[in-house]
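Asks: Once you have looked at the hints, place chain B on chain A.
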Amino acid sequence: GENVEQHPSTLSVQEGDSAVIKCTYSDSASNYFPWYKQELGKGPQLIIDIRSNVGEKKDQRIAVTLNKTAKHFSLHITETQPEDSAVYFCAASTDDMRFGAGTRLTVKP
Amino acid sequence: KAGVTQTPRYLIKTRGQQVTLSCSPISGHRSVSWYQQTPGQGLQFLFEYFSETQRNKGNFPGRFSGRQFSNSRSEMNVSTLELGDSALYLCASSLRMGSVNTEAFFGQGTRLTVV
Numbered sequence: 001g002e003n004v005e006q007h008p009s010t011l012s013v014q015e016g017d018s019a020v021i022k023c024t025y026s027d028s029a030s031n032y033f034p035w036y037k038q039e040l041g042k043g044p045q046l047i048i049d050i051r052s053n054v055g056e057k058k059d060q061r062i063a064v065t066l067n068k069t070a071k072h073f074s075l076h077i078t079e080t081q082p083e084d085s086a087v088y089f090c091a092a093s094t095d096d097m098r099f100g101a102g103t104r105l106t107v108k109p
Numbered sequence: 001k002a003g004v005t006q007t008p009r010y011l012i013k014t015r016g017q018q019v020t021l022s023c024s025p026i027s028g029h030r031s032v033s034w035y036q037q038t039p040g041q042g043l044q045f046l047f048e049y050f051s052e053t054q055r056n057k058g059n060f061p062g063r064f065s066g067r068q069f070s071n072s073r074s075e076m077n078v079s080t081l082e083l084g085d086s087a088l089y090l091c092a093s094s095l096r097m098g099s100v101n102t103e104a105f106f107g108q109g110t111r112l113t114v115v
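Residue numbers (our numbering), protein chains in the order written: chain A, 1 to 109; chain B, 1 to 115.
Note that these hints are calculated values from the structure, not bench results. A couple of the hints might just be wrong.
[As the list claims (entries may be wrong)] DSS-like mimics (lysine-lysine), calculated; alpha carbons at most 27 Å apart, straight line:
#1 A:Lys108 x A:Lys71
#2 A:Lys37 x B:Lys57
#3 B:Lys13 x A:Lys42
#4 A:Lys42 x B:Lys57
#5 A:Lys68 x B:Lys57
#6 A:Lys42 x A:Lys57
#7 A:Lys68 x A:Lys57
#8 A:Lys42 x A:Lys22
#9 A:Lys71 x B:Lys57
[Stated by the list, open to error] Which bits of chain B does chain A cover? Going by a derived footprint, with three or more residues having C-beta under 8 Å, they are:
#10 15-24
#11 28-41
#12 74-87
Even glycine gets a Cβ: it sits at the ideal position worked out from N, Cα and C.
Bound conformation, chain A alone:
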């Protein structure tokens, strides 16, 4: 089955800096790559997603890039704010959805 690896496991940045989280996947048939943000005591919430026919997608301060050849995709958050502090999960999907282990992002004011 699909195996998703996510790095780093923790990330600390200063407010205003950029943050990058990287994921690799194993199944070349994966065609949908969502990113979720989970705040304390809540379920994960989708923040951005990308399909395999697109190389990059941007939504305000958040962008995701996909390299199908290398089987990796990344989340980029620019101009980070304290409210961006949370755990972020990447996922890759063929028929079912498999998640990375998560990255705890801390944005210091």
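Replies: Relative to chain A, chain B alone:
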């Protein structure tokens, strides 16, 4: 539009007991997936139900089972509980169009503690 509802929010059970968790998906969503979340392990896929049929299954022992009803509500059951089953159990619902995955919406989860 109501979100995904999971009940109960918290449960404490004793080793050896069994437990049933419930998930009501977003209206119109026919796919319900279950995940186990533990610190350091991320979200581990348990199974997915679509139109009352189990569509996919993760690598969990047979003590973990589920079902889906005609109104798309789903339950998961864990029998003979072990201490290691303590976790946050999340369910996610989606439209799922054939084999194409669509956005999954998560509930707040059920926190299960086994003592």
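Asks: Measure nothing beyond the straight line between the CA atoms of lysine 71 (chain A) and lysine 57 (chain B); if it is 27 Å or shorter, mark the hint as holding.
Replies: holds, 24 Å
Asks: Count the residues of the segment 74-87 of chain B whose Cβ falls closer than 8 Å to any Cβ of chain A, and tell me whether that reaches three.
Replies: violated (count 0)
Asks: When you check the alpha-carbon spacing of lysine 68 (chain A) and lysine 57 (chain B), does it fall within 27 Å?
Replies: Measuring from Cα to Cα gives roughly 26 Å; hence the hint holds.
Asks: Please check whether the segment 15-24 of chain B has three or more residues whose CB lies within less than 8 Å of a CB on chain A.
Replies: Violated - the segment 15-24 of chain B has 0 residues with a Cβ nearer than 8 Å to chain A, which falls short of three.
Asks: Quickly compare the C-alpha distance for lysine 108 (chain A) and lysine 71 (chain A) to 27 Å and report which way the hint goes.
Replies: It is violated: about 32 Å lies between the C-alpha atoms, which goes past 27 Å.
Asks: Between the alpha carbons of lysine 13 (chain B) and lysine 42 (chain A), is the straight-line distance 27 Å or under?
Replies: holds, 22 Å
Asks: Holds or violated: lysine 37 (chain A) and lysine 57 (chain B), Cα atoms, limit 27 Å.
Replies: holds, 24 Å
Asks: If you draw a straight line from the CA of lysine 42 (chain A) to the CA of lysine 57 (chain A), is it 27 Å or shorter?
Replies: Status holds; Cα separation ~26 Å.
Asks: Counting residues of the segment 28-41 of chain B whose CB is closer than 8 Å to a CB in chain A, do you get three or more?
Replies: Per the Cβ count (4), the hint holds.
Asks: Are lysine 42 (chain A) and lysine 57 (chain B) close enough, with their CA atoms no more than 27 Å apart?
Replies: holds, 24 Å
Asks: Hinted pair, alpha-carbon criterion (27 Å max): lysine 68 (chain A), lysine 57 (chain A). Please report holds or violated.
Replies: Given that 27 Å is the threshold and the Cα spacing comes to 14 Å, the pair holds.
Asks: Given the hinted pair lysine 42 (chain A) and lysine 22 (chain A), is their alpha-carbon gap at most 27 Å?
Replies: Measuring from Cα to Cα gives roughly 23 Å; hence the hint holds.
In terms of the numbered hints stated before, the structure departs from hints 1, 10 and 12, listed from lowest to highest.
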